[in-house]
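Asker: So you can see what is in the structure, the chains are spelled out below.
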Amino acid sequence: MDKLGQEWVSAAVDGEVEEQVLAELAADTDSHGQWRDYHMIGDAMRGELPKMVDLDLSANIAAAIEAEPTIIAPKRVEPAQTAPARKSAGIIPMFKQFGQYAIAASVALVAVVGVQNYNQTSELDSSPLPVLNTRPLVGSASPVSLQTGPVQKNQSFTNEQVMEQRHRINTYIQDHMLQQRLNNSVNIDDNSDISPIPVNH
Amino acid sequence: MRLIWLALLVLSLPVSAREDMSAKAWLENMSQALRTQEFKMSLIHLQSDHIRPLVYIHGQVEEQEVAFLEHLNGPPKNAVRVGNTVTFIEHDQPAYSVEADRIQGVLPPAFANNISLLEQGYQFVLGGRSRLAGRPSQLVRIIANDDNRYSYQVWLDMDTYLPLRYDMLNLDKQLLEQILVVELIVLEEAPTILHEAYKQQWPPVMPQPKREPGNNWQFSWLPSGFTMILKDSHRLIGSHEAVEYIALSDGLTHISVYVARAPETVLPDELMTRNGLSLATERVGNAEVVAVGKAPVETLSRIAKSITIE
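Here the protein sequences line up with chains A and B, keeping their order.
Using UniProt numbering, the first residue of the first sequence is number 1, and each one after it goes up by one.
Using UniProt numbering, the first residue of the second sequence is number 1, and each one after it goes up by one.
Because the hints were derived from the structure by calculation, they are not lab data.
Be careful, since some hints might not be right.
Take a look, some chain A residues computed to stay more than 10 Å from chain B by CB distance [stated by the list, open to error]:
1) Glu7
2) Gln20
3) Met45
4) Ile173
Listed below are several chain B residues computed to face chain A (Cβ distance under 8 Å; list not exhaustive) [as the list claims (entries may be wrong)]:
5) Met21
6) Ala25
7) Gly238
By construction, the Cβ of each residue, glycine as well, lies at the ideal position given by its N, Cα and C atoms.
Generate coordinates for the entire structure from the input sequences, incorporating the hints supplied.
Answerer: This is the structure:
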């Protein structure tokens with residue numbers, strides 16, 4: 001830094017340069033020491049020196065600022081990142097497994113229903129009235145979900161008997177559905193001659 | 001400004017007329033709308049384990065009612081109605097026609113019929129308003145008079161009176177079945193598909209299977225409003241088992257009663273499916289009485305027990 005430069009810095013300390021020049025000065029790290037020294041000299045001349053002079057305050061502050069993010073950030077971020085990761089590592093696989101079981105179960109259900117439907121159609125095809133598809137257009141006889149009845153008796157049934165029972169239930173339900181289609185045109189008031197006998201209550 | 005007030009007044013007049021309408025009047029308007037209006041509905045049929053999307057188109061061609069119902073998912077399954085003939089077009093068998101005044105399945109045929117027929121078994125109660133398929137709608141509850149049948153509720157479009165939602169509820173007010181309209185398009189005239197359906201040569205109406213007159217069955221008890229609409233003896237499809245058959249109905253609920261020779265494998269006394277369909281069996285000597293229908297299983301059981309022969 002030549003003499004002229006030193007004068008610049010001195011002028012800057014006294015607030016006699018423009019802002020742009022000041023910015024240039026700020027970019028010039030070599031002048032920072034001079035800047036500090038001139039300030040110190042000015043302070044000494046005016047008798048404003050503190051009792052203890054920290055000669056490298058600006059450097060200390062710069063170091064503190066630089067150190068700050070690196071010290072604080074890990075303190076806060078590290079525990080926040082690691083803790084949930086551990087938790088989710090425990091939970092997610094469990095859900096995944098459960099979902100897989102559920103999917104497997106639903107596939108099995110579909111397979112069972114599908115087989116039953118297939119059986120029904122093959123029986124229908126061999127019936128003397130092949131034109132009648134008793135499976136309704138909307139609303140099929142969905143698989144039986146709840147059965148209240150002689151459960152103990154059922155347990156003694158053979159597999160064949162259960163199949164036969166199921167088949168007979170299906171036939172009745174199918175016939176019921178078919179009758180809905182066929183009797184659709186029969187209105188209640190068409191058959192006024194047949195009257196119910198609601199005697200008891 | 002005065003014009004705006006006038007317009008508001010004109011708009012509010014029909015609305016206030018609607019405020020005074022009874023629940024039965026709403027249903028009667030629905031019945032008429034279902035028979036006369038031209039519209040296209042996209043709807044979803046919901047049961048406990050089924051969701052089916054459907055399209056229903058209804059209109060009039062040369063003063064005849066023409067309707068078309070199409071299943072959107074799965075193998076093609078359609079039904080066409082021209083006048084009083086319904087033709088079922090399904091993928092696994094040749095098309096066939098039956099005589100019927102409604103396509104079974106979308107909504108209870110009774111909804112397009114004389115509403116007064118339902119009054120014996122049900123009460124009609126107006127509910128609140130809500131918005132369905134983007135349209136304001138009015139809820140009408142069809143409440144069973146007793147515990148022998150299920151209740152229903154239907155939401156009607158305030159503009160056209162067409163049903164936008166239909167629920168069937170069990171005795172605990174739980175949903176058994178629902179039909180939900182997702183889009184309703186009111187048409188100016190019958191669309192081309194209905195004109196084509198009208199022109200199309202459909203298979204002739206299938207001769208009714210020979211109905212031999214059955215025995216003179218009677219019931220010592222029936223829920224009020226239920227009447228016998230049909231009696232015959234026929235063979236069950238599939239098993240060829242000869243049965244005596246009695247059809248009971250209160251307009252909305254249809255119950256089939258079968259009397260057959262008791263087979264070796266006994267049926268469970270009571271059986272329910274999650275969509276409301278139930279089955280009850282009663283053994284009388286060497287005969288087996290089976291009642292099937294969308295009704296509480298206790299009702300079916302009691303009906304099966306109360307059959308007598310004269």
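Asker: Check each numbered hint against the structure and report the violated ones by number, ascending.
Answerer: The structure conflicts with hints 4, 5, 6, although it agrees with all the remaining ones.
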